[in-house]
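Student: We have chain G; now place chain F onto it with these hints.
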Amino acid sequence: MKLTIGAICGPAGSKANRTGSWRSYRPILDPEVCTDCGICAIFCPDSCVFPEGENYRIDYTYCKGCGICAEECPSGAIEMIVEEK
Amino acid sequence: MKPSEVREGQRAVMEGSWAVAQAVALCRPGVISAYPITPQTHIVEDLAQMVADGDLAAEYLRVDSEFSAASAVYGAVATGVRAYTASSSQGLLLMTEVLYNMAGTRLPVVIGAANRTLSAPISIQPDQQDTISLRDSGLIQLYVEDSQEAHDAHIQAFRIAEDPEILLPVMVCMDGWLITHTFEPVELASQEAVDSFLPPFKPPYSLDPTCPFTFGSFTDDDKLMEFRYMVHQAQQKGKEKIEQVARAFEKTFGRYYGGLIDTYCAEDAEVLLLAMGTVVGTIKDAIDLMRAEGRKVGLIKIRAYRPFPAERIREATKGAKAVAVLDNNISLGAYGAVASDVALCLSNQISAPAILPCIVGLGGREITIDSIRSIVERAEQMGKGRIAPAESFWVDLHPELL
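Respectively, the protein sequence lines represent chains G and F.
Under my numbering, the residue at position 38 of the first sequence is numbered 720, and the numbers go up by one with no gaps.
Under my numbering, the residue at position 376 of the second sequence is numbered 397, and the numbers go up by one with no gaps.
This is chain G alone, in the form it adopts within the complex (with noise of 0.2 Å):
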């Protein structure tokens, strides 16, 4: 891939960029206590949780484990967990 003039690139680049490689910890979400409020969806600020199907789904490839989602989540349905490689 050649590089652009001053690395202006075209819309949605930074999809290429996996920051699911910083994380240290890891969000489990436990679906027998999620109640599907929605609402590490609406604070997660890499739009890494969303509902798919009957559940909520966390995307591992861009979730940096912040732990946004577990700090907010009113039903304590979402655990860090230490990510070990």
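Just so you know, these hints were derived from the structure itself, not from any lab.
Glycine residues also receive a C-beta, built at the ideal position from the N, C-alpha and C atoms.
Check before you lean on any hint, since a few could be wrong.
Said to hold, decoys possible - Derived contacts from chain G toward chain F, CB cut-off under 10 Å, selection only:
hint	residue
1	T686
2	I687
3	G688
4	A689
5	I690
6	C691
7	A694
8	G695
9	S696
10	N699
11	P713
12	G749
13	I750
Tutor: Just chain F now, kept in the frame of chain G:
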């Protein structure tokens, strides 16, 4: 003098700031944004008046700081509009973060810099410490000698900046007060001539909702070095462009100040003085006097400090025994910025002249013909093989105050 009293193309006595404002207006900027700071204020006051009077069809954005002014013109140029800002001293420092971004994003803003020293202690007097502190930002920097050159360099600056092979911000550096507030005869360019010299601004990318682009994107260790190299390449290309634009300007307007550098009595000179800005005028007078005494003294005037004219300085110093570099700034704890660059560019040659680094005129300390003589006397001694101290020569320092 009021703008209405001067006709374009006419030679008249006017304030340097007004000559600069007139040049900017002739370049038809779409957006002007600035925050007032002495001694730059008159330039943007004049432009604001032109906009208010309906003489200049531009948006004049009043902002809360120089950081905002630089950000406003950054945004304007990103949308494909020609834009201008100006500042001095602390104001330029407050712009710094945005200026690095402008260069990195390749946005060709033209910035007028009325040189003034930096705090502390606070002072409004001229020296080049402010613009020198921006030398590493990727800006092209042109330094001018008088009001006429300040007027002309602004017109050249837009053409250099917007060249598709350059696309870098250009800063026109002019000594505060000595240019901005001094009245001199200036021949103004005509609108017709400027229109024929400066094509409309057509950037390769611009912000447009119907054709979106990302400006200010993220990069990592795999690409940042290459982006820096691309800006450096554009600077290197700028060497050729600045010279071409100076010649094209001569063809249209009949005035020429040299390309990257200019010289005066340099061909057979044994001692060369190297300087930039208004001090060049005093040096020329001093050279006339010393030449009449039979001393082989000459001048290299730097017009473009970034890109640094290394090749041209090498050519111009061939045969000289000593080069005295007059720095109107200092990298505290080391040397003046220009002397450091000159020393590196003259090293690694078969025979290189001795270099005398001089610190001159900080905070507006007057640089007189006697100051120039004292520099030449030291340089002549060095040319005869006398070992010079490692420390710079602080010209006209008052040791009794220390």
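Student: When the hints from earlier in the document are held up against this structure, which numbers fail?
Tutor: The structure breaks hints 11, 12 and 13; every other hint is satisfied.
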